[in-house]
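Sequences and hints are given; from them, build the entire structure.
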Amino acid sequence: MNTTTAPLVPALEVKDLQKSFGAICAADNINITLPSGARHALIGPNGAGKTTLINLITGALRPSGGKVILGGEEITSLSQAGRTRRGMARTFQVNQLFRGLTVLENVYLSIGERTSACNGLWRSAGREAAVIDEALDHLQSLELVADACKPVRELPYGRQRLVEIAIALAQRPRLLLLDEPAAGVPSSESHLILDAIAKLDSNITVLIIEHDMDVVFRLADRITVLVAGRVLTEGTPQEISADDRVRSVYLGERREVGRG
Amino acid sequence: MDANKSSSISSTNAVARARAADLLARRDRYRIVEALPWIAAIAAYFAFPNQMVLGSQTLILILFALSLDLILGYAGIVTLGHAAYFGVGAYAAALLITDVGWSEPISGLVCAAVVSAIAGFLSGLILLRYRGLTLLVLTLSTTIMLQQLGNLFRDFTGGYDGIPNLNIAPLFGYFDYDLYGHTYYLYCLAVLLVSFCVMRRIVYSPFGQALVGIRENVARMHAIGSPVHWRLVVAYAISAGLAGIAGALFAQTNTLVTLGVFDFDQSAAVLMMLILGGAGWLYGAFVGAALYMVLQNELAKISPPFWQFGIGLLLVAVVLLTRRGAFARLAKIDQHLP
Chain P
225 MNTTTAPLVP ALEVKDLQKS FGAICAADNI NITLPSGARH ALIGPNGAGK TTLINLITGA
285 LRPSGGKVIL GGEEITSLSQ AGRTRRGMAR TFQVNQLFRG LTVLENVYLS IGERTSACNG
345 LWRSAGREAA VIDEALDHLQ SLELVADACK PVRELPYGRQ RLVEIAIALA QRPRLLLLDE
405 PAAGVPSSES HLILDAIAKL DSNITVLIIE HDMDVVFRLA DRITVLVAGR VLTEGTPQEI
465 SADDRVRSVY LGERREVGRG
Chain R
3 MDANKSSSIS STNAVARARA ADLLARRDRY RIVEALPWIA AIAAYFAFPN QMVLGSQTLI
63 LILFALSLDL ILGYAGIVTL GHAAYFGVGA YAAALLITDV GWSEPISGLV CAAVVSAIAG
123 FLSGLILLRY RGLTLLVLTL STTIMLQQLG NLFRDFTGGY DGIPNLNIAP LFGYFDYDLY
183 GHTYYLYCLA VLLVSFCVMR RIVYSPFGQA LVGIRENVAR MHAIGSPVHW RLVVAYAISA
243 GLAGIAGALF AQTNTLVTLG VFDFDQSAAV LMMLILGGAG WLYGAFVGAA LYMVLQNELA
303 KISPPFWQFG IGLLLVAVVL LTRRGAFARL AKIDQHLP
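For the record, the sequence lines run as chains P and R. For the first sequence, the tail end lands on 484 under my numbering, and the numbers increase by one without skipping. For the second sequence, the tail end lands on 340 under my numbering, and the numbers increase by one without skipping.
These are computed hints drawn from the structure, not numbers from a lab. Predicted model, so just to flag it, every value in this text is computed and none were measured. If a hint is listed, it holds; no wrong ones were tucked in.
Here are a few chain R residues that sit away from chain P, every Cβ distance over 10 Å (derived from the structure):
#1 56
#2 108
#3 112
#4 132
#5 154
#6 160
#7 164
#8 179
#9 274
#10 300
#11 302
#12 303
#13 307
#14 308
#15 322
If you anchor each label on the Cβ, the simulated ranges turn out as follows:
#16 R:9 <-> P:412: 23 to 31 Å
#17 P:375 <-> R:200: 25 to 33 Å
#18 P:346 <-> R:267: 28 to 36 Å
Derived contacts from chain P toward chain R, CB cut-off under 10 Å, selection only:
#19 342
#20 351
#21 363
C-beta atoms are modelled at their ideal positions from N, C-alpha and C, and glycine is treated no differently.
Written out as structure tokens, the structure reads:
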């Protein structure tokens, strides 16, 4: 790759993105650019529109205006599945798992859909050695192999949260959107999730919504602060933590919530 | 010491990996108990030689319920119009005999399967864009419209009088049909066996796994790039094709087909059978349809209202008592509505 002459295409560009639900403006002219390999955090008080923004980027919601550009290609009109096939994967704030299926089957499905193995209706699912092997690799890197044959619904919440991430990673994404990956996970287990994120290949661009400021400061190289559907400011963790406006609308509020 | 520890971790991992892969690979091995329904069916052939007409009808309904299981039990799509494809298959088989003059039964089944699968595919393209109550109403009204379409083209379909005296050629050009329905019974059993093996293969395929994924969490399926609509349309077409085979068998063995095949009762009955036996495990169709037919036969001997009341009571009991079974599954489907 000749990086000196080719202009670097951002992994993700969000341009003037708008979404209103009736009179409520959940996303108001949002602009964010993520260079390839970025570790970008999205923070803001409850109801700021963080999850809405992720839903707009992934296509779960249709924007009222604006553009989403993935690796230089405009994808605003693509379906969720179409965007996923172009290298975008996400996790959900509330687990979205195949609860009755085993951990292995959950990750199997993700790989099977990515590789189109799931188009096969005249083969045995259990004999797709390549899919199974890769699924087990993902489980191994998240220390889930011992639970591979257990139905997901029988796992403790923290382990389920790992499966949530395993399904997304099994998409081999270029862009990974993490919606509060460690939410609801006991601190004794959250290090597993944070380690997994920290270990991600540096080619993968990551956008993470997170409330825990320690986590944000540890993982992110840039932070966007969202308030009431608008970008309040963007900067490095140092800049954001020194910003008085951010303190007043966000950090201060969190502190009160945290101690109250 | 560190090296020791990591090598013991990697060996436990290797064992766990092998075990997990093995469990998945073994999932679709045939188990000995699975021979039971077939042994029972053959035993019934010898034990109740005078009940072969009832027996054939039961086998046909098992196949019909089995076809519904693919979309209801596996993909989690609730429909009230499955009789549409049973009916299309029945009429395809009948018209092939009367209007084309082709009376070989097995090619008749294949033809019916193709026609009803195409009907399922085309209607599925539109119907499966919807879920829940909308889909219930749409499938219900599609079936009613088909019935009335049949009534409109009465020259062709014979209207509510139907098409009588369907004479099918002897099986393999050799086995003719006796008055007691022995040939029909074995014919139906063979067709059911083949259809079952096809269905079982699909259910345990990667495609079948994706259908279960759609049932378990359709939102996540979209998020992992699954072409959910296409998966459902394909499953719906296969299901319609199998229902069409059941309908064709029904027309061939009764040597008659009427617009009654499109009755709402048919769609409702097949749904009841599947719920009775349990959706989503292949054998629910066998248990449900057999139970339904035996009860219908035995209770109706006492008195017809007794049968209606009996089946109602049984359904209430099944639905209320097996919350983790059929009912839980139906309830769960609604959680996944967009």
